[in-house]
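*Asks:* Here is how the chains run, residue by residue.
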Amino acid sequence: MNKETTLNIVLMTILVAVPVLAWMSDEPFLVTLATRAVIFAIAGVGLNFALGFGGLVSFGHAAFFGLGGYAMGILAFHAQTYTPMMEWPFVIEGTKAMPIIWLVAIIVSALVALAIGMLSLRTSGAYFIMITLAFAQMFYYFAISWPAYGGEDGLSIYVRNEFPGLNTMDPIQYFSICYVLLLLVLFIVHRAAHSSFGLMLRAAKQNEERVQAVGQVPNRLYLIAFTISGAITGLAGALFADLNRFVSPTMFSWHTSGEIMVFVILGGLGRVFGPVAGAALYILLEHSLGGLSAYWHIYLGAILLGVVIFARGGLYGLIAGREVAHD
Amino acid sequence: MTDPILEVREITKSFGGLKASNTISLDLRSGEIHALIGPNGAGKSTLIKQITGSLKPDSGSVHFNGQDVSHLSTAARAQLGMGRTFQISSLAMDYTVLQNAVLGALGHRGNIFRFFNNVMKDTGLLATAENALEQVGLQDFRAIRTADLSHGQRRQLEVAIALTLEPKAFLMDEPMAGLGADGSRHMIGFLNSLRQKAPILLVEHDMDAVFALADRISVLVYGEIIATGDAAEIRSNPQVREAYLGEEDAA
Chain A
2 MNKETTLNIV
12 LMTILVAVPV
22 LAWMSDEPFL
32 VTLATRAVIF
42 AIAGVGLNFA
52 LGFGGLVSFG
62 HAAFFGLGGY
72 AMGILAFHAQ
82 TYTPMMEWPF
92 VIEGTKAMPI
102 IWLVAIIVSA
112 LVALAIGMLS
122 LRTSGAYFIM
132 ITLAFAQMFY
142 YFAISWPAYG
152 GEDGLSIYVR
162 NEFPGLNTMD
172 PIQYFSICYV
182 LLLLVLFIVH
192 RAAHSSFGLM
202 LRAAKQNEER
212 VQAVGQVPNR
222 LYLIAFTISG
232 AITGLAGALF
242 ADLNRFVSPT
252 MFSWHTSGEI
262 MVFVILGGLG
272 RVFGPVAGAA
282 LYILLEHSLG
292 GLSAYWHIYL
302 GAILLGVVIF
312 ARGGLYGLIA
322 GREVAHD
Chain B
146 MTDPILEVRE
156 ITKSFGGLKA
166 SNTISLDLRS
176 GEIHALIGPN
186 GAGKSTLIKQ
196 ITGSLKPDSG
206 SVHFNGQDVS
216 HLSTAARAQL
226 GMGRTFQISS
236 LAMDYTVLQN
246 AVLGALGHRG
256 NIFRFFNNVM
266 KDTGLLATAE
276 NALEQVGLQD
286 FRAIRTADLS
296 HGQRRQLEVA
306 IALTLEPKAF
316 LMDEPMAGLG
326 ADGSRHMIGF
336 LNSLRQKAPI
346 LLVEHDMDAV
356 FALADRISVL
366 VYGEIIATGD
376 AAEIRSNPQV
386 REAYLGEEDA
396 A
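Quick mapping for you: the protein sequence lines, in order, are chains A and B. Start counting the first sequence at 2; every next residue gets the next number (this note's numbering). Start counting the second sequence at 146; every next residue gets the next number (this note's numbering).
No lab work stands behind these hints: they were computed from the structure.
Straight-line C-alpha distance at most 25 Å; calculated DMTMM-like pairs for lysine to aspartate or glutamate:
#1 B/201 with A/209
#2 B/313 with B/375
#3 B/342 with B/148
#4 B/266 with A/209
#5 A/4 with B/239
Which residues of chain A face chain B? A few of them, derived with a C-beta cut under 8 Å, are:
#6 196
#7 197
#8 200
#9 204
#10 216
Here are a few chain B residues that sit away from chain A, every Cβ distance over 10 Å (derived from the structure):
#11 186
#12 216
#13 295
#14 369
Keep in mind the model is a prediction, meaning the values are calculated, not measured. Cβ atoms here follow ideal geometry from the backbone N, Cα and C, with glycine treated the same way.
Using the sequences plus the hints, can you model the full thing?
*Replies:* Quick look at the structure:
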């Protein structure tokens with residue numbers, strides 16, 4: 002077993018051990034904290050698919066995180082107020098069922114990512130960063146100015162949505178749902194990273210000219226990667242909103258995009274489990290440094306600076322070394 | 146005589162006041178090695194870029210395998226069977242040698258939008274890749290990270306990837322550069338046998354290699370082809386001697 006696999010197992014074990022121990026010693030707050038880390042990890046794994054594997058510096062993933070959140074918020078809002086979302090030409094009711102909410106979040110985010118990708122991928126470099134940021138900001142201001150769903154105040158959901166056979170209001174059970182989804186997402190992303198598509202995509206990140214010379218078009222790869230990436234981050238958004246039973250325009254803000262990017266960079270760009278380590282570390286720092294000072298972001302900034310300068314592979318690069326090629 | 150595989154018709158390209166390509170016409174016939182030589186800055190790489198599609202000519206056209214490909218992208222031309230090697234190695238540096246070769250085989254096979262199966266366990270692609278590596282003599286380096294290869298080995302890998310594409314014509318931009326005496330000899334022998342598979346348009350600075358290999362040689366000077374002919378004709382051409390070979394002798 003190589004170092005990376007060992008690290009993956011250690012990481013995933015810690016991530017499940019902490020909330021289970023906390024639950025046994027009756028510390029629901031820590032369980033919720035771990036759930037946050039798991040959800041952020043999913044968002045990061047999503048961004049990593051575009052940023053780490055495709056080299057697409059998206060500064061607009063808050064758009065998908067927020068869309069996932071609002072997909073949950075709007076569906077649950079209509080369900081709890083017993084008002085249909087749409088009456089003509091056919092009736093669409095809201096729902097409290099998590100699986101349906103997730104599916105809607107994933108599909109909506111994927112479609113929007115496809116559209117944003119088609120427009121943004123005409124540009125590259127700094128322009129790509131700015132245009133993705135601009136799209137996310139559009140959603141942010143739209144959410145603020147749309148009174149039907151709370152506008153600036155956001156939307157509250159009285160009771161967490163339902164999952165068949167589980168009590169989602171129990172923190173440890175909701176944690177389990179999110180953790181299993183994270184495992185599923187990691188499995189899919191791991192397979193994709195080593196698939197035909199993954200090989201070609203990661204080659205395009207390294208050298209577009211080479212990909213063209215073997216007869217393939219980098220932009221097609223990027224567009225698919227961006228769409229998948231958006232869909233995963235959208236799922237995380239729906240989970241996050243359900244965790245808080247609240248969705249607000251903040252989920253669309255550029256701070257959120259920045260945070261998701263921090264998870265990826267802290268953990269290790271282009272490493273499948275990197276964002277999990279990044280999100281866990283972020284939550285750990287937020288919790289420990291946040292207690293010391295309200296200005297804990299200063300320390301986070303210093304750490305991030307250290308990572309970028311001294312450990313460009315992030316936590317994974319530091320501990321597991323360079324990625325080992327799979328033959 | 147059959148139609149040429151590749152035909153360049155009166156290509157012109159200017160950069161500001163500089164004519165990098167001045168009504169260049171050139172063809173590549175099946176079974177031959179056609180060498181393109183010329184002093185530094187003569188416009189060899191500019192010409193190759195226009196043939197492969199990364200640079201659009203101001204006027205003129207490129208025909209490949211009986212089809213006008215002037216408006217096709219680099220990727221589309223590669224799909225049609227242009228196997229290119231780069232002057233400055235253009236490889237996925239973080240990949241292993243084998244991964245780069247599989248990348249070529251995959252690009253050629255198509256069907257890249259598969260998301261689930263491990264591509265490095267695809268026996269068909271692996272066979273193509275391993276075979277290509279063996280042909281250029283890189284079989285023992287398959288697990289080495291490409292960034293750790295010597296310059297010469299990177300040139301060999303470039304050629305191996307071109308092989309995996311099973312192209313209808315090779316466009317090789319200085320495949321001998323940095324190979325050393327032994328490597329050069331091996332590569333000359335290899336290219337010599339390769340022309341049976343597909344013709345080669347060979348840009349090369351190594352004159353021994355050019356004279357040993359080329360069926361025809363075209364001499365490019367200041368963006369113009371001043372002579373095309375076999376080795377003996379080129380050697381005895383006074384214009385060429387003055388513009389190019391003389392310069393080499395003096396150096």
